[in-house]
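Take these sequences, add in the hints, and give me the full structure.
So the protein sequences, as listed, match chains E and Z.
Everything in the first sequence is counted per this note's numbering, starting at 1 for the first residue and increasing by one.
Everything in the second sequence is counted per this note's numbering, starting at 1 for the first residue and increasing by one.
Some hints could be false.
Computed footprint of chain Z on chain E, listed as stretches where at least three residues anywhere in the stretch have a Cβ under 8 Å from a Cβ of chain Z [stated by the list, open to error]:
hint, stretch
1, 74-87
2, 138-151
3, 216-225
4, 235-242
5, 271-284
Calculated directly from the structure, the hints in this document are not laboratory data.
All C-beta atoms in this analysis are idealised placements derived from N, C-alpha and C, irrespective of residue type, glycine included.
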Amino acid sequence: MSGPLDLVALAVFVVLFGLVTILGFIAARWRQGDLDQLHEWGLGGRRFGTLISWFLLGGDLYTAYTFVALPALLFGAGAMGFFAVPYSIAIWPLLFVVFPRLWSVSHRHGYVTAADFVRGRFGSRTLALTVAITGIVATMPYIALQLVGIEVVIAALGLHLSVTIAGLTVQLPLLIAFVILAAYTYTSGLRAPAMIAVVKDVLIYGTVLAVIIYIPVKLGGYGQIFASVDPSKLILPPLPKGGLGAQSAYATLALGSALALFLYPHSVTGILSSAGREVVKRNAIAMPLYAIALGLISLMGYMAIAAGLKSMPAYADGFKAFGSNFAVPALLLHTFPSWMVGVAFAAIAIGALVPAAIMSIASANLFTRNVYKEYINPNCTDAQESQMAKVVSLIVKAGGLIFIVGFPQTYAIVLQLLGGIWIIQTLPAVMLGLYTRWLHPTALILGWLTGTAAGTWMASTLSFKSATYVLHIAGLAVPCYAAVSALLLNLAVSVVLSALFNLVSRGPRRDATVAEDYL
Amino acid sequence: MAGKSRRRARLYHLLLLLPLFSLWVPFYNRIDPSLAGIPFFYWFQMAWIAVTVLVLLIVYRLEHRSGDKL
Numbered sequence: 001m002s003g004p005l006d007l008v009a010l011a012v013f014v015v016l017f018g019l020v021t022i023l024g025f026i027a028a029r030w031r032q033g034d035l036d037q038l039h040e041w042g043l044g045g046r047r048f049g050t051l052i053s054w055f056l057l058g059g060d061l062y063t064a065y066t067f068v069a070l071p072a073l074l075f076g077a078g079a080m081g082f083f084a085v086p087y088s089i090a091i092w093p094l095l096f097v098v099f100p101r102l103w104s105v106s107h108r109h110g111y112v113t114a115a116d117f118v119r120g121r122f123g124s125r126t127l128a129l130t131v132a133i134t135g136i137v138a139t140m141p142y143i144a145l146q147l148v149g150i151e152v153v154i155a156a157l158g159l160h161l162s163v164t165i166a167g168l169t170v171q172l173p174l175l176i177a178f179v180i181l182a183a184y185t186y187t188s189g190l191r192a193p194a195m196i197a198v199v200k201d202v203l204i205y206g207t208v209l210a211v212i213i214y215i216p217v218k219l220g221g222y223g224q225i226f227a228s229v230d231p232s233k234l235i236l237p238p239l240p241k242g243g244l245g246a247q248s249a250y251a252t253l254a255l256g257s258a259l260a261l262f263l264y265p266h267s268v269t270g271i272l273s274s275a276g277r278e279v280v281k282r283n284a285i286a287m288p289l290y291a292i293a294l295g296l297i298s299l300m301g302y303m304a305i306a307a308g309l310k311s312m313p314a315y316a317d318g319f320k321a322f323g324s325n326f327a328v329p330a331l332l333l334h335t336f337p338s339w340m341v342g343v344a345f346a347a348i349a350i351g352a353l354v355p356a357a358i359m360s361i362a363s364a365n366l367f368t369r370n371v372y373k374e375y376i377n378p379n380c381t382d383a384q385e386s387q388m389a390k391v392v393s394l395i396v397k398a399g400g401l402i403f404i405v406g407f408p409q410t411y412a413i414v415l416q417l418l419g420g421i422w423i424i425q426t427l428p429a430v431m432l433g434l435y436t437r438w439l440h441p442t443a444l445i446l447g448w449l450t451g452t453a454a455g456t457w458m459a460s461t462l463s464f465k466s467a468t469y470v471l472h473i474a475g476l477a478v479p480c481y482a483a484v485s486a487l488l489l490n491l492a493v494s495v496v497l498s499a500l501f502n503l504v505s506r507g508p509r510r511d512a513t514v515a516e517d518y519l
Numbered sequence: 001m002a003g004k005s006r007r008r009a010r011l012y013h014l015l016l017l018l019p020l021f022s023l024w025v026p027f028y029n030r031i032d033p034s035l036a037g038i039p040f041f042y043w044f045q046m047a048w049i050a051v052t053v054l055v056l057l058i059v060y061r062l063e064h065r066s067g068d069k070l
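Structure below.
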């Protein structure tokens with residue numbers, strides 16, 4: 001699609017990818033456990049220490065799509081794209097304070113998913129089902145977007161081998177990558193992405209170091225890079241009259257994304273797989289290292305502007321096919337020697353495999369625990385449960401692949417945007433549930449319904465192109481991330497109705513947990 | 001559960017609000033003072049990551065000393 005096939009880059013890419021594949025299968029025997037138990041397959045036996053958890057969470061949250069899409073955002077829209085940095089900052093105090101409680105109560109009661117916890121805390125399997133379904137639906141497009149990351153680098157490598165299956169044209173390398181991913185996730189469970197995450201990070205940090213030192217030197221320093229950006233995009237526009245403009249959009253996007261992050265099933269899986277609550281806390285301290293890498297990586301968008309890639313004929317096809325998402329691959333191709341391009345592209349592709357594996361495992365855990373075992377086969381054996389999860393992990397991934405191949409890419413992007421709005425609606429049940437049982441399950445369900453409907457409606461008025469819906473508060477126009485405004489509505493409904501229902505309902509609530517479980 | 005870690009919020013836990021200052025956009029939405037050619041908007045937010053790590057580290061240490069864990 002763009003440029004000739006670069007054999008050196010391709011060779012390095014294939015070797016690294018092969019190495020990771022072998023690791024993925026070996027992982028089954030690492031800290032060996034009985035993979036016929038769901039918590040062994042789907043949570044790595046809850047045995048990951050601080051270091052492995054750090055790699056796993058890093059691979060889980062800072063994904064290939066991030067590495068491609070964030071610089072693309074700065075490349076196209078400027079300062080707005082930098083919201084990922086305050087977002088990355090706000091996450092960690094939250095993880096530090098709130099989520100060790102989830103770890104403790106889950107460890108005590110053998111919970112594998114957030115919905116398991118909600119089931120135990122509020123004694124309502126319907127509420128648990130809403131949490132599970134929201135989690136699965138929000139995760140699917142996320143998996144699809146990871147495959148986009150692989151697709152972009154494969155195209156940039158100059159590989160054009162495609163096959164047509166049942167009327168759908170699939171790039172052969174993407175299909176191979178997908179089959180490998182599915183196979184080792186099936187056999188090794190969460191141990192595979194945990195092990196691969198270490199390799200991925202070595203490659204990513206190596207690439208980042210090379211990028212922040214080498215490219216600015218070539219482009220004449222950071223001052224030169226920032227000087228080449230359109231000054232009106234360099235910072236956010238000043239406050240407009242009678243409103244808060246882009247600034248409130250920036251802040252609420254950061255806040256809403258931070259609140260949503262640890263409600264995603266793959267984040268919960270990352271937390272619950274760690275060996276102790278202290279591990280979760282220590283990770284909250286050490287994780288911001290990734291935020292620094294993220295900030296530096298997003299500046300690659302400006303480097304791509306400074307290098308003048310957009311007007312170069314060599315990359316015209318790539319930009320045409322992938323839009324701004326081609327900025328990072330083009331920058332790497334333009335500045336680095338072939339072998340380094342191979343390393344960087346492998347880092348991106350492997351960076352897609354890790355979260356895709358964790359996400360499919362997390363969705364599989366949710367389906368198995370909170371749909372299959374709860375509604376379909378309550379008397380299933382441990383082995384049946386684990387087997388079910390393995391099969392579902394395959395289905396979820398295949399769904400992601402079909403999504404990317406069979407539909408325009410914008411569908412996945414829209415759904416991922418909606419996913420953020422939807423997943424945050426489980427906050428009252430999951431996060432507030434860690435502190436109080438006062439909220440009534442029926443009120444929580446109605447709050448969830450209200451928030452989900454309102455958020456979806458707000459996005460629909462924006463033709464699903466953006467998530468910042470303008471609120472009018474006392475004559476002031478306040479652009480606000482729809483997830484945040486919908487969450488406020490959800491909270492209001494949950495609290496008011498809980499007060500009401502608690503007044504009329506009799507008898508004690510069925511809470512399987514006690515205060516000490518959370519410590 | 002006597003002797004197990006107690007749970008009490010202490011005054012120092014308020015430090016954890018400090019990272020959230022990075023959501024106060026009007027404070028840093030400016031070019032100057034720039035640092036080595038990097039506008040304030042960018043280097044301030046990056047620097048605030050370091051502040052966040054520091055805050056978390058301090059709170060973690062203080063929790064261990066006092067035995068009060070959030």
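Right, here's what the structure says about each hint:
| no. | hint | result |
| --- | --- | --- |
| 1 | 74-87 | holds (count 4) |
| 2 | 138-151 | violated (count 0) |
| 3 | 216-225 | holds (count 5) |
| 4 | 235-242 | holds (count 4) |
| 5 | 271-284 | holds (count 3) |
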